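**Student:** Each chain, written out:
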Amino acid sequence: MISVKNLYKTFNQGKATQVNAVNGISLDIKKEEFLVIVGSNGSGKSTLLDLIAGKLFADKGEIVLNGFDVSKLPDYKRSKWIARVFQNPFSGTASQLSILDNFRLASIRTQSKGLTIGINELFKKKVKEKISLLGMGLENKIDQPIGSLSGGQRQALTLLMSIMDDCKVLLLDEPTAALDPRSSALIMQTADLLIKEFNLTALLITHNLRDAYNYGNRIIMMNEGRIVQDINNYEKAKLKQTELYDWFV
Amino acid sequence: MDFYLFAVLQGLCFSGIALGIYISMKIFNIPDITTDGSYTLGAAVTAILLMHHISAFIALPLVLIAGAISGALTGLIHTKLKINALLAGILVMYSLYSINLTIMGRSNLPLINVPSLFSILNISSNTNYNSFYILIVFITITTTIIGYLLKTDFGIAMRATGDSETMIRSLGVNTDRMKIIGLALANALTAVSGYLMSQLQGFTDISMGIGIVIVGLGSVIIAETFINLFNITSVWLSLGLVLLGAVIFQLVLAITLDLGVDANLLKLVTAAFVLIIIIIPKLKFNFLPKI
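Residue numbers (our numbering), protein chains in the order written: chain H, 1 to 249; chain B, 1 to 291.
Don't take each hint at face value.
[Unchecked claim] Here's a subset of chain H near chain B, in silico, CB distances under 7 angstroms, partners left out:
(1) 5
(2) 72
(3) 87
(4) 96
(5) 100
(6) 101
(7) 104
(8) 114
(9) 226
(10) 227
(11) 228
Hints were generated in silico from the structure; no laboratory data involved. For clarity, every value in this text was computed on a predicted model and none was experimentally measured. Glycine residues also receive a C-beta, built at the ideal position from the N, C-alpha and C atoms.
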């Protein structure tokens with residue numbers, strides 16, 4: 001599904017503050033693989049995700065998505081395949097717009113935004129049905145600005161928004177970092193459920209090693225812009241949680 | 001009484017600027033002051049066309065295009081050359097002064113005995129009432145179009161662009177393109193204000209746009225005060241309040257003049273009034289329950 005070849009990204013090239021954020025990464029991610037990426041701060045995890053999403057462009061190397069070379073495509077064009085959930089709940093939703101408006105935009109992620117009114121009774125019903133799956137009671141608040149909700153509720157809705165339109169790849173960049181333990185657990189369970197139900201290929205960055213241990217079917221560890229550990233599904237099942245902690249020592 | 005009616009008429013003419021500033025400032029979160037130039041541009045294009053006996057109906061699309069081009073230029077400078085929006089607006093506004101002067105040929109163009117939008121229909125024998133009815137119809141149509149636009153998928157994407165750029169890009173929207181379109185739309189509406197005002201007052205003057213952006217800002221801030229006070233989320237109500245804001249703003253200025261304030265001090269009074277309406281919502285009144 002995603003093939004990354006010899007990817008390099010350097011910030012502040014030639015200055016004293018030069019950082020080789022991604023330093024020659026090659027990675028093949030198969031369809032329906034749920035890849036967990038761990039690593040200390042500054043190891044290049046987020047940069048790698050931004051490169052795949054198209055928010056950043058690589059200095060060298062190529063990214064092939066579903067058979068297309070997307071290396072030169074900006075983020076808003078890669079959204080045809082990719083949906084994202086961000087670390088900051090405010091990034092994934094538009095605060096002043098209603099839940100309904102946010103879902104409307106998400107439901108036409110891969111399409112052009114035309115001059116017709118897309119919100120009708122049928123669409124409202126569809127959104128209410130989808131939101132009721134979360135069991136948060138938000139289906140009765142679809143006309144409220146999404147900014148009036150809590151961070152956990154917004155992250156849950158962002159997750160749900162990603163499957164409103166055709167989605168191949170789901171990028172989760174520390175989606176629970178800003179949440180309390182209960183909301184975090186709910187978000188991770190919802191994500192896992194959606195990934196399985198919609199056969200998504202997913203990438204998750206997390207600092208929570210228990211999540212890294214519990215979820216996903218492949219785990220890699222990054223350090224100084226390189227992949228230093230790569231454990232596939234078979235080996236991951238045998239991996240102990242304490243071994244994960246040892247990677248960081 | 002006619003004095004106040006004329007203030008209302010002016011307010012209605014300024015509703016284009018108010019809607020334009022609402023789009024650039026509230027929807028896109030961009031401080032755009034191309035306004036001063038695009039307002040005069042609209043008035044200049046109108047004057048030249050009407051003087052050449054071209055119908056006001058044919059002049060309107062040309063005014064819209066002229067305004068849109070000036071807004072798109074600011075948008076292009078801001079997004080493609082990565083220049084601060086305020087500076088981009090100043091540059092375009094500044095250069096528009098020369099362009100307007102070139103279009104007009106001299107600094108003042110009177111429009112006496114020239115058929116205009118306000119002489120097309122004769123609903124009332126009183127010219128002011130006649131202008132009032134025509135303006136109401138004109139603005140209702142304009143606002144309906146803008147309101148509809150904001151409700152479409154494209155409009156929702158526009159509103160999201162000013163709200164969370166990260167989000168809307170990840171949902172497949174080219175935000176640079178969206179901002180250029182937004183600024184073009186805002187300045188097309190501003191140019192329409194120039195179109196209306198030049199015909200209402202019967203002349204176009206090169207300096208008529210100086211500081212006019214404050215009229216739009218004041219109107220939008222009045223509207224915003226109501227929007228926040230009553231927690232309004234409806235697009236239609238918000239647009240209606242922006243129009244109301246434009247009229248209230250002119251009425252307050254008329255009252256000030258009526259009270260005998262020196263006309264030379266009008267801009268100072270205007271600025272003070274805008275300052276007051278900005279700080280009023282920030283004051284905490286003790287008799288209101290704390291939320």
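**Student:** Against each hint, give a clear statement of whether it holds in the structure.
**Tutor:** Hints versus structure:
| no. | hint | result |
| --- | --- | --- |
| 1 | 5 | 24 angstroms, violated |
| 2 | 72 | 15 angstroms, violated |
| 3 | 87 | 11 angstroms, violated |
| 4 | 96 | 5 angstroms, holds |
| 5 | 100 | 9 angstroms, violated |
| 6 | 101 | 5 angstroms, holds |
| 7 | 104 | 6 angstroms, holds |
| 8 | 114 | 5 angstroms, holds |
| 9 | 226 | 27 angstroms, violated |
| 10 | 227 | 25 angstroms, violated |
| 11 | 228 | 29 angstroms, violated |
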